[in-house]
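Please build the complete structure, drawing on both the sequences and the hints.
Now for the letters of each chain:
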Amino acid sequence: MTHIRTFLKKYGWGYAFVLPSLLTFALFTLFPVVWSFVISFQKYSLVRGGTWVTPIYANYTQAFTMLNGIFVTSIRNTIFYTVFTVTANIFFGLVLASLIQPLGNRLRTFFRAAYYLPAVTSALIIGLTWAYIYNAQWGFATYLTRALGLPPIRWLSDPDIALSSITLSAVLTLPATAIVLFSAAMGSIPQEYYEAAELDGANPIQRWWHITVPLLKSTTLYLTVLYTIASFEVFERIYIMVPSGVGNSTQTIVTQIYNNGFKEFDFGIASAQAFVLFAMIAALAILQFRVLRSDVEY
Amino acid sequence: MTTEANIFPKSEAIAMRPRRFTFDGWQIVAWIVLIVTTVIALFPMYWLFANAFTPILSTPPLTPIIVPAFKLDNFERLLVNNKFYLNWMFNSLLVAFVITAFHVVFDTMAGYAFAKKQFPGRNLLFILVLSTLMIPIHVTFIPLYIINRQLGLIDSLWALILPGTAWVFGIFLMRQYIQTLPSELIDAARIDGASEFGVFRHVIFPLARPAVAALAIFTFVRSWNDFLWPVIALNKPQNYTLTVGVANLQGEFMTDWGIIFSGAALAALPMIVFFLLFQKYFLEGVRMGALKG
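Residue numbers (this note's numbering), protein chains in the order written: chain A, 9 to 306; chain B, 508 to 800.
The set of hints was computed from the structure by calculation and includes no laboratory data.
Keep in mind that a hint or two might mislead.
When the alpha-carbon atoms are kept at most 30 Å apart in a straight line, the in silico BS3-like pairs for lysine-lysine are as follows [as the list claims (entries may be wrong)]:
| no. | chain 1 | residue 1 | chain 2 | residue 2 |
| --- | --- | --- | --- | --- |
| 1 | B | K578 | A | K271 |
| 2 | A | K17 | B | K623 |
| 3 | B | K624 | A | K17 |
| 4 | A | K225 | A | K51 |
| 5 | B | K743 | A | K271 |
| 6 | B | K623 | B | K743 |
| 7 | A | K18 | B | K623 |
| 8 | A | K225 | B | K787 |
| 9 | B | K578 | A | K18 |
| 10 | B | K743 | B | K590 |
| 11 | B | K578 | B | K590 |
| 12 | B | K743 | A | K51 |
Below, the structure is given as structure tokens:
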């Protein structure tokens with residue numbers, strides 16, 4: 009008894025302080041993750057509960073083979089979207105942050121804010137706006153092609169084009185976080201490096217490429233992981249731009265999870281696919297850490 | 508370096524001048540890139556608002572509206588024809604407010620304990636929390652749906668609020684920040700006779716205010732903009748949050764684009780105003796959120 013009392017007296021407050029947050033975390037994140045993993049090996053009915061499937065990994069094989077391998081197509085679409093979006097985000101982030109760096113404090117703040125402004129709007133509304141920009145009749149993009157005398161492009165209804173249109177809309181939604189973080193990181197690079205390089209006769213482009221870019225490696229790594237995860241989880245933009253999909257051409261991993269889970273109510277398959285997504289994200293993050301790991305300290 | 512600059516300030520100024528001069532060409536290119544990209548960044552939102560503020564009764568004109576008419580006709584029709592729009596806004600506000608309040612108080616407490624208190628299992632618990640940061644939230648949706656259904660909470664705001672309190676980013680953010688605060692302040696307050704909770708309330712919380720502001724802003728914006736879970740958890744139109752409601756406007760008012768534009772613009776407006784008011788805290792928060800442990 010006295011043991012417990014001294015233990016509580018010494019550590020009780022520590023536990024009390026973490027309890028509320030960790031309780032909701034355990035109930036609404038940790039427990040669901042574990043249960044979802046269980047369901048991924050089950051056939052789950054809302055009335056009768058879960059029963060194990062045979063063989064035990066059947067949901068995983070079925071996830072890939074069902075409907076002529078639509079899940080494989082959706083993975084391929086997701087990778088297409090991710091490669092272009094992440095590359096563009098890092099590129100634009102680096103270039104635009106570099107361009108605002110030499111400006112005065114006020115102008116720099118202005119541009120950071122201007123680039124960041126759209127990021128406070130939900131992905132859904134950004135996607136909705138782009139759906140209208142691509143409207144086949146009165147959309148701004150349609151107007152542009154007409155004004156330039158180009159043949160009409162079926163931005164969101166042509167299966168060969170729809171995914172590219174959606175990706176383009178993501179590329180042109182400039183990377184607010186990257187600009188802010190790169191800009192902050194550039195501010196902390198010691199000025200002496202540039203002065204030394206200048207004495208050695210390096211021009212601004214050389215200085216940028218040989219000093220700025222390498223020293224931003226850890227920020228680049230962080231942002232690459234961040235944007236890769238976000239792009240892999242793309243959903244809102246697609247849900248709102250092509251509500252019923254354009255054949256299979258606009259299916260992504262999360263639209264598949266959503267369809268199987270909450271339209272077909274096949275919880276086993278949807279859970280299996282969610283864990284495939286998890287595994288892919290984890291593998292990619294580890295890979296990116298390996299490739300881009302920063303050994304530069306300053 | 509600095510002393511040298513102080514001794515020869517003039518010579519340095521002279522040395523700078525020719526460099527600026529030779530790169531004028533570059534500067535013009537840089538300005539063009541900056542202006543074009545700013546237009547690209549802001550254009551979609553601008554276009555949405557330009558359409559929302561121009562009376563459109565059915566189909567928008569084929570020549571895009573670039574200069575709005577600054578009329579509120581669309582908004583009027585939106586609020587008259589859609590009796591739930593204000594409910595959606597209220598629901599979004601309520602959910603975001605409750606979730607934010609929870610995180611501001613309890614994540615700061617947890618962050619404090621993880622940063623400054625000793626107790627068995629502390630590091631293990633923190634690593635457990637940290638390791639779930641990368642798990643896609645979609646993994647949790649199916650069990651969350653089953654749980655909420657069994658509790659009879661589907662189609663109520665509780666179905667959004669309860670899972671919303673489980674976001675762990677705040678615990679991580681607050682721990683990182685509070686770790687940088689000097690422990691001497693805590694010891695001093697204790698010697699002055701402050702209770703455990705008093706230390707938190709009067710020392711830690713006020714000192715952590717910049718991080719608290721960042722946490723509050725991010726939690727609020729995240730909740731306000733959340734879509735996928737709400738669209739799963741809510742069924743009846745009166746229970747929707749704004750994002751879900753706006754996504755459904757298109758099906759409901761197919762022929763009245765003015766209503767759809769104004770509905771989307773009005774949903775985006777509060778966060779834009781919020782950002783313009785607290786810009787500094789937003790951008791500071793982005794930086795803080797990226798702190799690495």
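These are the hints, each one checked on the structure:
no. : hint             : in the structure
1   : K578/B to K271/A : violated, 40 Å
2   : K17/A to K623/B  : holds, 16 Å
3   : K624/B to K17/A  : holds, 13 Å
4   : K225/A to K51/A  : violated, 46 Å
5   : K743/B to K271/A : holds, 17 Å
6   : K623/B to K743/B : violated, 46 Å
7   : K18/A to K623/B  : holds, 14 Å
8   : K225/A to K787/B : holds, 26 Å
9   : K578/B to K18/A  : violated, 65 Å
10  : K743/B to K590/B : holds, 13 Å
11  : K578/B to K590/B : holds, 21 Å
12  : K743/B to K51/A  : holds, 28 Å
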